[in-house]
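Peer 1: Next come the chains, spelled out residue by residue.
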Amino acid sequence: MKARVVAPVFDDITPYSYDWSRDVLGWLKDKGYITEDFSNDAIPRARVENGIDSVDLFVFYDHGSEDALWGSQDEAVIDLDNYNLLAGKTVYTMACLSARSLGVKLWQLKTVFWGYYEPFSFTTDALSEFKHFANSGIWYRLQSATWKDAFEASKELGYALSSKLSQTGKFIASVLMRQDTDALRCYDATAPSTSCTFRALALKLFGRSGWFITKTRTLATLLFGIGFGISLHDFCDALFKAGGYKEILSPQGGYFGFILMLIAFLLEFIDFLQVIRR
Amino acid sequence: MKDKELAIAAIKEEAKQKPDEKVVVGKIVLSYGELLKKAEDGDKFVEDFLIKPYMKLLKESKDFRNKVMVMLGVKE
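Quick mapping for you: the protein sequence lines, in order, are chains C and F.
Quick note: the first sequence uses the working numbering, first residue 1, plus one each step.
Quick note: the second sequence uses the working numbering, first residue 279, plus one each step.
Next up, chain C with everything else stripped away, as it sits in the complex (with noise of 0.2 Å):
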């Protein structure tokens, strides 16, 4: 297995998160893996796509935004023009909000993505607690549990060390815990949520492709079945007033065409289908 950590350095911020990174390449090292260290300095988008097939875990720890992996001030490394090059791999980040669209995205393309949904936030009285939850979930992960326990482990260790901090007089760093703990998501554990009725029916019926189908797509399928519905009962109403049921029961050649209409609409669905499941 390969991992590739990158940590950009380029501000007051970074340092810390960089820092943390250090934990993990360690981990990640001790178990085997060939690591690759991108890190201590403004990391070029450039670098870090190249040589990207062959990596199995991407590690980013610096900024973040909502669809993008900052490597410098103002050079994103991963956004919506290269993400679909961590298809199918796992993405494990503490950046800000990554988790709003980028992590939707990967997470569309069978990556197993780990982020947040709001800014990342910490307090520099409380840096190790910060650091712990912070690398908790890829800690979970190499000890053999699945991204979903992780997740929940994470999500219990970030509510008993929200606790452990305000029982030791450090409150703000303990609501700032709370709210990194809220905002934790992992998009292989849970689906990306989403406040859109159908939207959640199509999750609901059709699992990760729901995220797939268009509006226009449902509005197309929408007219093509009223519009099938409305043709095919004029039909049988101009056959029944010629000949009543005997008329409509009888072979008509135009039953073959809707039998066609409706034989291209599911091969057009299932093929749809398919793609998406690809």
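There could be a bad hint or two in this list.
Claimed, not checked - List time: in silico BS3-like cross-link candidates among lysine-lysine, alpha-carbon distance up to 30 Å: (1) LYS155/C - LYS305/F; (2) LYS345/F - LYS164/C; (3) LYS131/C - LYS305/F; (4) LYS131/C - LYS296/F; (5) LYS131/C - LYS280/F; (6) LYS148/C - LYS296/F; (7) LYS29/C - LYS340/F; (8) LYS148/C - LYS345/F; (9) LYS334/F - LYS148/C; (10) LYS31/C - LYS330/F; (11) LYS305/F - LYS246/C; (12) LYS164/C - LYS280/F; (13) LYS131/C - LYS345/F.
Honestly, the hints are just simulated from the structure, not real lab data.
Start from chain C and add chain F according to the hints.
Peer 2: Chain F in isolation, oriented as in the chain C frame:
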């Protein structure tokens, strides 16, 4: 004491005790001293990232609430 007043008082008290510690939220770094000033000025960012979650935790955790009250030396 309302939860918002309680949260602001507690943040100010802790910030006074540790003015050199820092809080990091995404790309923003504030010393507790700066945090204290912003909390006093009614800063929107501090309200969103700290005061509202503080109020939420005060509401959800009786233990947290009791400890904050002890720090402030107040009784409900």
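Peer 1: Hint by hint, which ones does this structure get wrong, listed from lowest number up?
Peer 2: Per hint list: 5, 6, 7, 8, 10 and 11 violated.
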